[in-house]
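Student: Please put together the full structure from these sequences, using the hints given.
In case you want the letters, here they are:
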Amino acid sequence: MKLGFYPGCSLEGMSREYSDSVVALAKRFDIELVQIPDWNCCGATAAHNLNKELSLSLPARNLALAEKEGFTDVVVPCAACYSRFSTTHHELMHNHDLRHKINEVMEMEYKGTINTLNVIQFIDKYIIDKIEEKIVKKFNYKAACYYGCLLVRPNNILGFDRAEDPQTMDVVMRKIGADSIDWAFKTECCGAGLSVSATNTVARLSGKIVDDAEHRGAEVIIVACPMCHSNLDMRRSEINKYLGKKVTTPILYITQALGLAVGISEKELGFKRHFVPVNLPIKAETIQKEEVKTKKVEVE
Amino acid sequence: MARIGVFICHCGENISATVDCAKVAEVTANIPGVAVSVDYKYMCSDPGQNMIKEYIEKEKLTGVVVAACSPRMHEPTFRRACGEAGLNPFLCEMANLREHCSWVHDKNEATTNKAIDIVRTLVEKVKRNEPLMPIKVPVTKTALVIGGGVAGIQSALDIANCGHKVIMVEKDPSIGGHMSQLSETFPTLDCSQCILTPRMVEVAQHPNITLYTYAEVESLDGFIGNFKVKIRKKAKSLDEKLCTGCGLCTTKCPAKKIPSEFDQGLSNRTAIYVPFPQAVPNKPVIDKEHCTYYIKGKCKVCEIVCPTKAIRFDQEDEIIEVEVGALVLATGFDIKRANFFPEYGYGKYKDLIDGLQFERIASASGPTLGEIRRPSDGQIPKKIVFLACAGSRDPAKGIEYCSKICCMYTAKHAILYKHKVHDGTAYIFYMDIRAAGKNYDEFTRRAIEEDGAKYIRGRVSRIYERDGKLIVVGADTLMNAKTVEIEADMVVLATAGVASPGAEELAQKLHVSYDQHKFFAEAHPKLRPVETNTAGIFLAGACQNVKDIPESVAQASGAAVKVCGLFSNDELTRDPSVAVVNRTAPPLFSTCVGCFLCQSVCPYQAIEKEEIKSRDGKILKTVAFINPSVCQGCGTCVALCRSKSIDILGYTHKQVYAEVDALLNTL
Amino acid sequence: MSGNHNHVIDNSLAGKVKEQTGVSAAQCYQCGKCSAGCPVSEDMDYPPSLIMRMLQTGDPADEEMILRSTSIWYCLTCEMCIARCPMEVDIPPMMDYLRNESIKQDKANPSSKNIIRFHKAFLDSIRETGRLYELGLTLDFKVRSMKLMQDMSIVPTMLAKNKLNFLPEMIKNRRNVKQIFQKTIDKKEGSK
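Protein chains in written order, with the working numbering: chain A, 72 to 371; chain B, 646 to 1312; chain C, 63 to 254.
Calculated from the structure, these hints are not laboratory results.
Note that CB positions come from ideal geometry on N, CA and C, so glycine has one too.
Each hint should be verified, as a subset may be incorrect.
[Said to hold, decoys possible] Which residues of chain B face chain C? A few of them, derived with a C-beta cut under 8 Å, are: (1) D932; (2) K933; (3) G992; (4) R1038; (5) D1039; (6) P1040; (7) A1041; (8) K1042; (9) V1105; (10) N1125; (11) T1128.
[Stated by the list, open to error] Only part of the chain B face toward chain A is listed, based on derived beta-carbon distances under 8 Å: (12) E988; (13) Y991; (14) Y1109.
Tutor: This is the structure in structure tokens:
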């Protein structure tokens, strides 16, 4: 089957391994991810910080192009792009005049039929039910699932998982045999787009995240956003400087973890591109009893 | 020949600001049948009422229309005045020129014309009004008090001490409510149970009070002065007459791991249990959901050891029916628990507790015998953090109101903690300190000045656990919103007070109004705080709104005096606006065809079958008869009756259509 | 009393915020939960709840301080504030508006100039090619910020790991993207 795909600038550039792992994983499940033709940058943080209409028009163009191509589901693995797409869709659908204006600016019409999927939604909808039969090597490591900000907030617009102590990534990881731990920095910001312009802040914020995961015994941190990966991985020397110690916990994209479990090679998954070496200890192949510790909390 | 008096009120400026009252009086004077038409500034005042009475006598009026505010305000006032002047009160009607006209329009000619129309319709109605006599019903001088907390106890004692019988129904195995769970009470720091248990015993021993515990109201029928209540006495599996309360069964019961409701889950109880040592009645009940015998059919240890053979496993719930004249609702409140807070861990941290749990820890008869200890490892916490306003004043969480009591009990908790842990530090994150009662503000100052509680003005963004401590991340808004991070040993949330579970179902059974938060609605927020809109049902305590003990007790006594006031009459006078099925001369007897559809829809079961017999006893026709003592005048049967045989006195078809015709004729 | 409630006319910055974003400063009761949860609260000159307070006063001096603050530029739009705010005051769109205004009125805090330069360099890259050219962005930013030595430690590694494309990716319909810029951000102010 074919699905719409919006890689975004990071996946084409610095975070290519993310894109490679998503595409390879999809292929393993007979899904062809088709890029929206001639897609443009969604504007990320810079656009909405400087101009509202620009920040809506850039993503809207991609949504309109996707509609033209006949897509309904569009997979957007970058959490920032996912946030911009979802916010744009929400604002345009709730404000008639604004939609009119933006359609005019981009000289295209967006009708509102695109369903944006983040990488976890994509996995939940198209992969997770079929994954058990394809697992060749259980991912039996202690994993800290790091959701970051933009997958779960603002919850009333995204409607995905829950904003505090989310569980969707943890559930997916447990399906491939991981011991997904409970830890305190699941949704604390890594420093986002200030990586270059305020590196000290990123060192502090990302440092706290890595420190908490390591403290609780995580052998790997799983992410679903190229910005988070970059801050936690590429900025590791600054993090180590801030923490005053060397932390070697590798950062893996969730699609890399799944890819590993279904037998895709480390090379194809782009491990070499990471700054922090992905040295996952070799463990005895024990049949992991699946303790699905999903907490079904009923909030009154 | 009709001689109607029309009295237009200015209502100060409420009506005259937008309606030209003088003009209305002038125009309505010309309506056929109107003998006098005047306007005056305050009709409800003494001079105003005297004016009406004088005109009635002077002009020999046959009917009166007072064009003023809503009849809900002053209909009784003017009807009484007419009655005093010798005119049947039901020949007096009010035309609502205020809520229906002056208050909802701007000042212009159209508004005045509308006022004239309104007066005209009422004049036409009154011309067709008949004199009516009020209906008298007897009063059952027994009160039903639902809820055995401090409010229910106070109400019951007050009513019983006035010489009336009281039935108290409490759903838990013991009375006492939340007050019996408290350690000390603010602002005096009295031991809560010490001041409550004497009252509890008094209730149990009072000759006028019948106490049913482990019981709930099943259904309610009837009306003020004449209620019929069905009470479900849940099976205690015990013969209370034989049980001596020795407690041997509770020591032998093998099912020991049931979380204790009284201790808020901090300790365990057995399946056959007495909730706390000072329980009233001090006799156990068997919790069928957790009892090994009821689940698996094995055990019966309690039956074996009981010295008086009081255990009855075959006991069923029993429904009893009682007749009462008034009800007092005192069902209390509940609080949100730690699992209500996603940002504080969804309740998974053992040392993050709510205010009631802290009361149990601080209580001398509690799970730690009064020592402040962490539920997780029993250690004494050296740093304790209290969060005020946890869940209250929080529209994002659906609770926009203030829970009133938390500021005070948080200060109390800090004081109790410092009294017991001298080298400990208590932090309190707060938004405001609401301490408006007598000696309340002084109490909070004591917590700060004498007991060293550290108040930090700001809310806590999140709490997480690390290495056995709870990391509390808040802000100090009085220090430019600086972040404050505390590594706490224990955290106590002053959680929002909410309605008691089951409040909504009970309100619906009793036809009592409630708000969106399931608190019972008072009849008027300012002037009628202990009454509901359902006649004969009164409110006491936190079921109306979260409140502290002095207010609950005061409100309870208020409700009690309303009940006693009701019972001071041997008879009650009922509004004669009841439905009547017509009767005519033979051979028709009535246009009613005997379909009895009306009987099936009457919400008050007021309609009966009446057999019309010939002189030799042969049944000629069976028609509907409406009991005037029971009918509430709702009009459902009137609307339904296919042969139009039913009318409501005071609102007959003729009268109502006259109003409609009067309106249409102008158009 | 016939109901004729006049709409409150508010020409203050808070009034404009309300008009443009729907966010009402009056709803904030200064509980500080946003500041407590904000990851960059300690970097900002005024934590978010203090910015809110300065909006509430309506004092032009306070409004000036807001537009000249570093707070609005440190804000990561991580959405933590609105996620926890009990009154559901939507701070992120408010921050966006304040940032836009700060640039428009040329009041951006000098300490934040690097952050702003980065954003501008980012947008310049997209305006030209339709997609982000990371190497170009890095060079552009270095030139603007004169932070020539920054990240020099990681650039070789990035190149070695094939994380930096040497050449920009150009989309076909660059005209469409350029014209989006012209109709929005370029309309109010000159580019660069």
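Student: What are the numbers of the hints the structure violates, in ascending order?
Tutor: Numbers 1, 2 and 3 - these are the hints that the structure violates, sorted from lowest upward.
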